[in-house]
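Chain residues, written in single-letter form:
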Amino acid sequence: MLELFAAGFASVFTLASMFMITLGVFVGIIFGSIPGLTTTMAVALCLPLTFGMPPAIAMSLLMGLYIGGTSGGLISAILINIPGTPASVATCWDGHPMASRGEAGKALGAGVVFSFLGTLLSIVALVFIAPPLAEFALLFGPVEYFALALFALTMIGTLAGKQLAKGIVVGLLGLILAFVGMAPIDAFPRFTFGIHDLDGGFDILPALIGLFAVSEILSVAESDFALKKENVLTKFKMKGFGFSVKEFLGQMYNMFRSALIGIGIGILPGIGAGTSNIVAYSVAKSQDKHPEKYGTGCLDGVVASETSNNASIGGAMVPLLTLGVPGDTVTAMILGGLMIHGLTPGPLLFISNGVVVYGIFASLIIANFVMLIMEFFGIRVFAKLLSVPKHILLPVIFALCVVGAYGLNNRVFDVWVVMLFGVIGYVLNKLKFPTSPMILGIILGPMAETGFRRGMQMNEGNFWLFFTRPIGVFFFFATVFMIVFTAVGNVRNRRKEEARA
Amino acid sequence: MKSFQKVAALLVLALVASFAVQAQVKYPTKPIQVIVPAGPGGDTDLNCRIMAKYLEKELGQPVIIVNVNGAGGSLGSRKVKDSAPDGYTALFFHPSMFLNKLMGLVDYSFVDFENAGIAVMDNTNIFVVNATSPYKNLNDYISAAKAKPGKVRFATETGGFTHLQILAFQDATGADLNVVDVGSAAQKIVALLGKQVDAIGISYGIIKDYVASGKFRVIGVMSDVRNPMIPTIPTFKEQGVNMSFPKFFYYLFPKGTPQDIVGRFSDAIAKVAANPDAQAELNKFMVSAEYMTPAVANKYMLEQETTYFKYQNLMMNAKIEKEEVKK
Numbered sequence: 001m002l003e004l005f006a007a008g009f010a011s012v013f014t015l016a017s018m019f020m021i022t023l024g025v026f027v028g029i030i031f032g033s034i035p036g037l038t039t040t041m042a043v044a045l046c047l048p049l050t051f052g053m054p055p056a057i058a059m060s061l062l063m064g065l066y067i068g069g070t071s072g073g074l075i076s077a078i079l080i081n082i083p084g085t086p087a088s089v090a091t092c093w094d095g096h097p098m099a100s101r102g103e104a105g106k107a108l109g110a111g112v113v114f115s116f117l118g119t120l121l122s123i124v125a126l127v128f129i130a131p132p133l134a135e136f137a138l139l140f141g142p143v144e145y146f147a148l149a150l151f152a153l154t155m156i157g158t159l160a161g162k163q164l165a166k167g168i169v170v171g172l173l174g175l176i177l178a179f180v181g182m183a184p185i186d187a188f189p190r191f192t193f194g195i196h197d198l199d200g201g202f203d204i205l206p207a208l209i210g211l212f213a214v215s216e217i218l219s220v221a222e223s224d225f226a227l228k229k230e231n232v233l234t235k236f237k238m239k240g241f242g243f244s245v246k247e248f249l250g251q252m253y254n255m256f257r258s259a260l261i262g263i264g265i266g267i268l269p270g271i272g273a274g275t276s277n278i279v280a281y282s283v284a285k286s287q288d289k290h291p292e293k294y295g296t297g298c299l300d301g302v303v304a305s306e307t308s309n310n311a312s313i314g315g316a317m318v319p320l321l322t323l324g325v326p327g328d329t330v331t332a333m334i335l336g337g338l339m340i341h342g343l344t345p346g347p348l349l350f351i352s353n354g355v356v357v358y359g360i361f362a363s364l365i366i367a368n369f370v371m372l373i374m375e376f377f378g379i380r381v382f383a384k385l386l387s388v389p390k391h392i393l394l395p396v397i398f399a400l401c402v403v404g405a406y407g408l409n410n411r412v413f414d415v416w417v418v419m420l421f422g423v424i425g426y427v428l429n430k431l432k433f434p435t436s437p438m439i440l441g442i443i444l445g446p447m448a449e450t451g452f453r454r455g456m457q458m459n460e461g462n463f464w465l466f467f468t469r470p471i472g473v474f475f476f477f478a479t480v481f482m483i484v485f486t487a488v489g490n491v492r493n494r495r496k497e498e499a500r501a
Numbered sequence: 502m503k504s505f506q507k508v509a510a511l512l513v514l515a516l517v518a519s520f521a522v523q524a525q526v527k528y529p530t531k532p533i534q535v536i537v538p539a540g541p542g543g544d545t546d547l548n549c550r551i552m553a554k555y556l557e558k559e560l561g562q563p564v565i566i567v568n569v570n571g572a573g574g575s576l577g578s579r580k581v582k583d584s585a586p587d588g589y590t591a592l593f594f595h596p597s598m599f600l601n602k603l604m605g606l607v608d609y610s611f612v613d614f615e616n617a618g619i620a621v622m623d624n625t626n627i628f629v630v631n632a633t634s635p636y637k638n639l640n641d642y643i644s645a646a647k648a649k650p651g652k653v654r655f656a657t658e659t660g661g662f663t664h665l666q667i668l669a670f671q672d673a674t675g676a677d678l679n680v681v682d683v684g685s686a687a688q689k690i691v692a693l694l695g696k697q698v699d700a701i702g703i704s705y706g707i708i709k710d711y712v713a714s715g716k717f718r719v720i721g722v723m724s725d726v727r728n729p730m731i732p733t734i735p736t737f738k739e740q741g742v743n744m745s746f747p748k749f750f751y752y753l754f755p756k757g758t759p760q761d762i763v764g765r766f767s768d769a770i771a772k773v774a775a776n777p778d779a780q781a782e783l784n785k786f787m788v789s790a791e792y793m794t795p796a797v798a799n800k801y802m803l804e805q806e807t808t809y810f811k812y813q814n815l816m817m818n819a820k821i822e823k824e825e826v827k828k
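Protein chains in written order, with the working numbering: chain A, 1 to 501; chain B, 502 to 828.
Honestly, I wouldn't trust all of these hints.
[Claimed, not checked] Computed footprint of chain A on chain B; a stretch qualifies when at least three of its residues, placed anywhere within it, have a C-beta under 8 Å from a C-beta of chain A:
#1 677–683
#2 690–700
#3 709–716
Simulated from the structure, these hints should not be mistaken for laboratory data. All residues carry an ideal CB built from backbone N, CA and C; glycine is no exception.
Construct the complete structure from the given sequences, taking the supplied hints into account.
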């Protein structure tokens, strides 16, 4: 293995490869940091370019894009409260409050460092235990996906905090919106009203852009931002990465837990960084002794989100390389990039093309370091973004959101979806409803439904056979536990408040 | 005044004529968009990208692949159907288009487009089982299904190409299988590796490494004769199951696209299909370049469509039964 590793590193320690990695990380960060443009899009645009390159160089570019893009989303999340990609949704929740307090440097520094560590931990897992990890993916059938989705839906309780009822309403609204379009499995059109554009339902990305970017832009436009002098930047000062060694050490447990969540979710086909950052954030919040500090600008929230989303990179590469099954949308395209070079990911790839595989590992590691260096020096530049007047910055971002939504699937309809969800997000904000549960509803609703219906098919319509699958049973119990736990906690809190009053 | 009118008329005529000539002589003058109604990285996408690489050389203009995924490919096909018939937007698709119509997703078919011909043929549609299973061939599988009606599982993607195959298979053999949906090709592999299902329908190219590494066993290919690229795999017909389902990939233009433009594009396809480099590259993915002219392709596709619609009732019944199970 050491030999292969050396050969792998040798294959990417060429001028061309190093250049491609640097270029990839750079372009990735730009795509990642601009709301509306995503890692998936960066890879989709660059993929055809790689077809003419030798495999090692092609993979260098793609790995650079993947790592740069996934971490780049934190920049806009922290500075302007708009996630750059779906992978950084949860980064906004504490990153932006920190920035408005004048701690933008600290939030960015922590985001960058823990992105780096998240990626590194996941690569270690990928390199050393990929085959057994892949077995883990094989244990997940429809029943397990259904149970996992149910469990993840209980995160709504954690995310909503004290506004439990409002959170459930918004989560259900998300589930309902996820029903629009063709039903999973039998493709029966639901709630399409004969409008063919609705056949494919609402895509997750335009919905996210609308909910988080457009609604934020609308809110800012309404406020008297032009009259206020932005004084955030004047407070901007940072040394090193902006946080102390003690703060760093205090995050160790959070980091390992979030990395594990990120890797685990990354491995499961169909879900990736877009889900893991929210789940890791919710878990961090629910396990903390002081869940109320989340959302007010606590470092733990940024660390959980940024560690887990980057940890999903190594996770998603596991089933891709060992089984030929992509873990998320980016790896789905990387699969195409490998295939066109005659490399079929799967059981034989490690044997027949070991050098290429270890070259991919090496590219990931190098890209990770390039990302760290580039973003470390970039932080000061990124922070200048705040000095751009918002009446200039936000319209530009708005335009990019529209471009991004269109670019996703080349349909104007998706632009209307952005607008629709922008208005929904704006109204929810106005009525003081939390928006984050809606995302869980939209992502997890189809996963739960598809898992349930496929599970019913496999078990010939007998739901009770669902309880013969151990992993499924585990998640069912965890779901019940979470519901009881949240309900009891809520009742207790109310009693306390009543006693106080 | 009259002479002025004449001159003007002549000028207009000349202009029109020159445009006509231009249209005839100069196509393409700008990049051509080919819509792939599927995500990047799948077989439709890869075949289309290989073709595009060589088509660019023949046409002298970039051929840009645009992935419009969703709704079983009907979002993409509808986009092309509604595009300007100027020869700069084409569709690259396979028989799922018939299935979209059969399932009632769309109310149009390939005859509502201008056919530019078939370009790629995939004769590697196979049934695969886990190597640890007792099924050595189709008959083992059929007898197991007959011994335990409704218990032996077959994984497909409902409304997809393999769904039609399994309905035809049950119809031809009288086997009663538990046909379950597991999703895309990649998910089928996971389901079979994890032994969640007994057999899957898939293309050979995707699982060839699993056969080589001894994890999977192929029990038959749905082609008329043995595929020379996989000569050891017996056909369904050899094993007494009279069915054959080739997967073919073709180009369509919006209705009303001028015939000479379609013809020009079709000629380019023919040249690419005859190019040994293109053939070799396609062969790597176990598919072959097989050109059919628009006329031949139309006839062939009509025949295929008729075969498919024979199973419409079966498919609809499957759908209804499932609804009832749900209730």
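Here is what the structure says about each hint:
no.	hint	result
1	677–683	holds (count 5)
2	690–700	holds (count 7)
3	709–716	holds (count 6)
Of the numbered hints listed earlier, not one is contradicted by the structure.
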